[in-house]
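Trainee: Below, each chain spelled out in residue letters.
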Amino acid sequence: MTPVATTPGAAYPLRRRAVVARLLGARGDLLVVSGLGAPTWDVSAAGDSPLNFPLWGAMGGAAMVGLGLSLAQPARRVLVLTGDGEMLMGLGALATIALKRPANLAIVVLDNERYGETGMQATHTAGAADLAAVAAGAGFPVALDVFDQDALDAALPRIRGEAGPVFVNIKVRVEDLPIVAPPRDGAYLKDRFRAALLGAAAAG
Amino acid sequence: MGIDHGGALPWPGGVHAALRRARVRHVAYVPDAGQAELIALCAGDGAMGMVPLTTEEEGVALLAGTWLGGERGVLLMQSSGVGNCVNMFSLARACRFPLLMLVTMRGQWGEQNPWQVPMGQAVAGILRLSGALVFEVERSDAVAETVDAAAAMAFSGAAMAAVLISQRIVGAKAFPQ
Chain W
1 MTPVATTPGA AYPLRRRAVV ARLLGARGDL LVVSGLGAPT WDVSAAGDSP
51 LNFPLWGAMG GAAMVGLGLS LAQPARRVLV LTGDGEMLMG LGALATIALK
101 RPANLAIVVL DNERYGETGM QATHTAGAAD LAAVAAGAGF PVALDVFDQD
151 ALDAALPRIR GEAGPVFVNI KVRVEDLPIV APPRDGAYLK DRFRAALLGA
201 AAAG
Chain P
1001 MGIDHGGALP WPGGVHAALR RARVRHVAYV PDAGQAELIA LCAGDGAMGM
1051 VPLTTEEEGV ALLAGTWLGG ERGVLLMQSS GVGNCVNMFS LARACRFPLL
1101 MLVTMRGQWG EQNPWQVPMG QAVAGILRLS GALVFEVERS DAVAETVDAA
1151 AAMAFSGAAM AAVLISQRIV GAKAFPQ
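Sequence lines, in order, name chains W and P. Under the numbering used here, the first residue of the first sequence carries the number 1, and numbering increases by one thereafter. Under the numbering used here, the first residue of the second sequence carries the number 1001, and numbering increases by one thereafter.
No wet-lab data here; the hints were simulated from the structure. The beta carbon of each residue, even a glycine, is placed where N, CA and C say it ideally should be. Be careful, since some hints might not be right.
Some chain P residues flagged as far from chain W (calculated, every beta-carbon gap over 10 Å) [unchecked claim]:
no.	residue
1	Arg1025
2	Gly1044
3	Pro1052
4	Ala1064
5	Glu1071
6	Gly1073
7	Asn1087
8	Arg1096
9	Ile1126
10	Glu1145
11	Pro1176
12	Gln1177
Short, incomplete list of chain P residues facing chain W, as computed with Cβ under 8 Å [stated by the list, open to error]:
no.	residue
13	His1026
14	Ala1047
15	Gly1049
Which stretches of chain W does chain P cover? Using the computed rule of at least three CB atoms under 8 Å from a CB of chain P, they are [to be verified]:
no.	segment
16	52-60
17	96-107
18	113-124
19	128-142
20	184-195
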């Protein structure tokens, strides 16, 4: 048995599905990229949409997919929802994003300090790593920590509208929730996203 | 700089023109001396946005995002960078994203740094195993037309396509003997 860390993860008040439902409520024309594992299930639980691009793999790539989308669609708000383990695998992306400084991009990490898909082993954020500090150090003009509902309420308009790139690390409770799966064929997910964003001719 | 272009034709200008023909808008790269001139040409092109990367697999994910947003890009890297991309290639493969890559080779022809040789020798095989079309170019006057061909197959066929530009073309870096 791998020991489960005993850091505060189990006691954080915010619960990930409620957080994501709040972030995606009245989403308008928001474009959403989700990182593999629990964030993809959370986004699906909030309601499937062709303007979601839920990753089933490509660990470490969610933030960069969001950067590419934000550069190609500068007039649209782009939200990346990912987990602490996924973000830790691509920390360099934070430096790349801060360098490009896309005003329309927000990166939100649902940080439960665990690798949720592999047995709830502790990630580095259960130890010493502070992802908002990493983002700030990489050059993000906005880098916030959220620990409770009041802070989430205050962060929401910044996630949805502040000139970014915006980075928000939300500490969430450790929970083992049922998988709510989006379609898993990547070509279908890509084509339906492009059709919804760009028109049917772009689907092929 | 120790870079010997061997009196070759100026392939970077031809490749830049090919990227313009392919309507490439985003140029993601980890710098390589062999592509320095091409990078400079793209950076001076107002129709192309430059995205310097900290590691090459960022580029695979970035170009998935630009395609989702309706725009085309290219990933420029040295052969060693291909090894950094391997798991991220699954994004392009599983979703059938177009992925145009220009790879300048090291560890292949006159390489004086033995640490470059393992990846230089493995890169074509790795790309093929990862599902990419591989275009190996040995002559400077064939680089631009090869980029045209690879771009057509990538963007019209939703394919991963890599152009490997030989170390015979870019020259081997000289080290103190």
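Trainee: Are there hints from earlier that the structure breaks, and if so, what are their numbers?
Mentor: Of the numbered hints given earlier, those the structure breaks are 1, 3, 4, 5, 6, 7, 8, 14, 18, 19, listed in rising order.
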